[in-house]
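K.L.:
Going line by line, the protein sequences match chains E and C. Going letter by letter, the first sequence gives residues 1192 to 1524 in this note's numbering. Going letter by letter, the second sequence gives residues 1192 to 1524 in this note's numbering.
Some clues are possibly wrong.
All copies of an identical chain are treated as equivalent in the list; a pair is satisfied when it fits inside any one copy or across any two copies.
Claimed, not checked - Under the rule of at most 25 angstroms between Cα atoms (straight-line distance), these lysine to any residue pairs were calculated in the SDA-like manner:
no., residue 1, residue 2
1, Lys1307, Leu1285
2, Lys1307, Arg1474
3, Lys1307, Ser1325
4, Lys1307, Ile1357
5, Lys1307, Glu1352
6, Lys1307, Asp1260
7, Lys1307, Thr1253
Please keep in mind that the hints were generated in silico from the structure rather than gathered at the bench. Remember, predicted model here, so these are calculated numbers, not experimental data.
There are 2 protein chains.
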Amino acid sequence: MGQDASLTAVAAAAGVSLSTASKALNDRPRVSAATRRRVVAAAERLGYVPRQGASRFKLGGTVGIIASDLSGRFALPIMMGAEDAFGLGAVSLLMCDARGDTIRERHHLRALVERKVDGIIVLGSVSNERASLSSMFDVPLVYAYAPSSAPGDTSVDSSHERSGRIAAEHLVQAGATRVGVIAGNPRVRASVERSAGARDVLMAADVPLVGSTVYAGEYSEQWGRAAARAMIARDPDVDGFLCGNDQIARGVLEVLREEGWDVPSRARVIGHDNWISMAEATRPGLTSIDMHLEEIGRVSADLLLRAIDGAPAPGRHTVESQLVVRGSTMQTH
Amino acid sequence: MGQDASLTAVAAAAGVSLSTASKALNDRPRVSAATRRRVVAAAERLGYVPRQGASRFKLGGTVGIIASDLSGRFALPIMMGAEDAFGLGAVSLLMCDARGDTIRERHHLRALVERKVDGIIVLGSVSNERASLSSMFDVPLVYAYAPSSAPGDTSVDSSHERSGRIAAEHLVQAGATRVGVIAGNPRVRASVERSAGARDVLMAADVPLVGSTVYAGEYSEQWGRAAARAMIARDPDVDGFLCGNDQIARGVLEVLREEGWDVPSRARVIGHDNWISMAEATRPGLTSIDMHLEEIGRVSADLLLRAIDGAPAPGRHTVESQLVVRGSTMQTH
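Chain E extracted, bound-state conformation:
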């Protein structure tokens, strides 16, 4: 394909995450000098051409972002991250919202292509794989959050399975010995992968799952409350709750409060998404997993600019999620 080394290869060679590699090569803050040197060395060794040096995409370029559904909570931070990475005023963002409608999405895409955008970020609001659009439109595309099912496309994904693993590892470390796993919508890929990751870790640690299974429902406080009550009835010794998102976790916390169970000494609760308005409002604050959505946007923008510069990096790039500890799993001071 005549393309040079991918950013993923550089990150792997330097032993850092994709985000860190991207930050280091683009002179963004929060990267130590030593890490930056290591990444630059890896890039040179592998023949990776950093965008700044070679760009034929100058001030005045236009990229499109087509969101499948802006009303979801995930789209906006990703879009903001992309806007940030494209740089202040250097690139114009053409924004449109398909509102979950495939016909509308194609229409918007066609309009963007007619307007001669240099590239497009296709932003999913749900983590499930989506059909590729690349054969229909002759313009560089990067799929953000909802990866394309075609392996030749460039997609940026969240580390859903890892999310489940680190949540379970943290609960075990925090002392949980019998864990209820309360997942959201079982038709959502993120939910399935997170539950699988969590189950693996719990089984390896010999920590039984309440009811020997994942309780899957929906992403709501109501479901969190219902599932927590069912689990307590089934196994009064449950002492850890691993929840599919922060709303579910909040419902669980409410039930535990009503039952008079102290959190975290009697039971530990972990959410997912690190939705600040939720996670910081509960008592105690809610431990959660942050997907770094803005970083997904930034990495998508970087990959799109590289593709526009003639150096695409096809495949699935993953931004790793991270644990954020608050009082619901460990005594904080």
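Position chain C against the provided structure of chain E, taking the given hints into account.
P.N.:
Quick look at chain C alone, frame taken from chain E:
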């Protein structure tokens, strides 16, 4: 100024809200045939030229939306409403985010003007009046949510004072006789105007305010909990809580639950914003006020298109907020 009748004048003449007038003239749904006829008749009488008939702004136009801070919860629905009103693919939206930074905002504006956008929506994330940009940029501008302080500019505002009034009227109707008013940030115009509207109604109805004053703090559940506790200590007969937003109201509901007070029979609680993830998750569901943010976006888009067509409607246009009743103020079935 050579301009024709404003949409506001048409709405007033037809005895309908600005949103309804805009919907009726643009053939959008949820307007009765009778209302549509009345609005069209008023428009003809006043010489208002509906955009569709006269537009020189054809398929292929480009408008910019510059958001002062996309991360706030209000910007996105307004932006989606504007995108919707501009119509599917008819207009391209150039999106940028100033992230609360005036320098960044000017920079973005200059970039948009250089790209020869046909008009720009300046989208505020806080309700306070903002400085006009119109003398600096020779392009039609409409200010959404944060109105311009210059009366010659075109701004779309929310009916903050009305929000306070209808919340207080509803609490009184629901049987409240001693009301605690818990406001958010007192430096926010919306907060000040809502509190004033609520106070007027309560005084007129001879319903005393707990502590004879508005308790102003911040827009958080923590503040809602703290204020509710302080109010109950000060006046154990308080039986209504009028809250500056849904997060505050949620904090109040938690305290009432802990105190064993039944809602709504012992005390009624009303929030503001109608933030669905909050308002539908509480027990009982939270009565709230909806600002119709998408409608603010739609009206802004309509006014911008009119300005681009040479028929600006300067002044402050107001989209009226609306009560959404749930179980926290009245028994629902």
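K.L.:
It remains to establish, for every hint, whether it holds in the given structure.
P.N.:
Okay, the hints, checked on the actual structure:
1. When the C-alpha separation of Lys1307 and Leu1285 is checked against a cutoff of 25 angstroms, the pair qualifies both within a copy, at 11 angstroms, and between copies, at 14 angstroms.
2. With identical chains, the CA atoms of Lys1307 and Arg1474 are never at most 25 angstroms apart, being 51 angstroms at best within one copy and 51 angstroms at best between copies.
3. In this homomeric assembly, Lys1307 and Ser1325 come within 25 angstroms of each other (Cα to Cα) only inside a single copy, at 16 angstroms, whereas the closest approach across copies is 30 angstroms.
4. In the homo-oligomer, the alpha carbons of Lys1307 and Ile1357 never lie at most 25 angstroms apart, since the shortest distance is 43 angstroms inside one protomer and 49 angstroms across protomers.
5. In this homomeric assembly, Lys1307 and Glu1352 never come within 25 angstroms of each other (Cα to Cα): the closest approach is 38 angstroms inside a single copy and 46 angstroms across copies.
6. For the homomeric pair Lys1307 and Asp1260, the shortest alpha-carbon distance inside one copy (23 angstroms) is at most 25 angstroms, but the shortest distance between copies (28 angstroms) is not.
7. Taking the closest pair of Cα atoms, Lys1307 and Thr1253 come within 25 angstroms of each other both inside a single copy (8 angstroms) and across two copies (13 angstroms).
Of the hints listed earlier, those the structure fails to meet are numbers 2, 4 and 5, in rising order.
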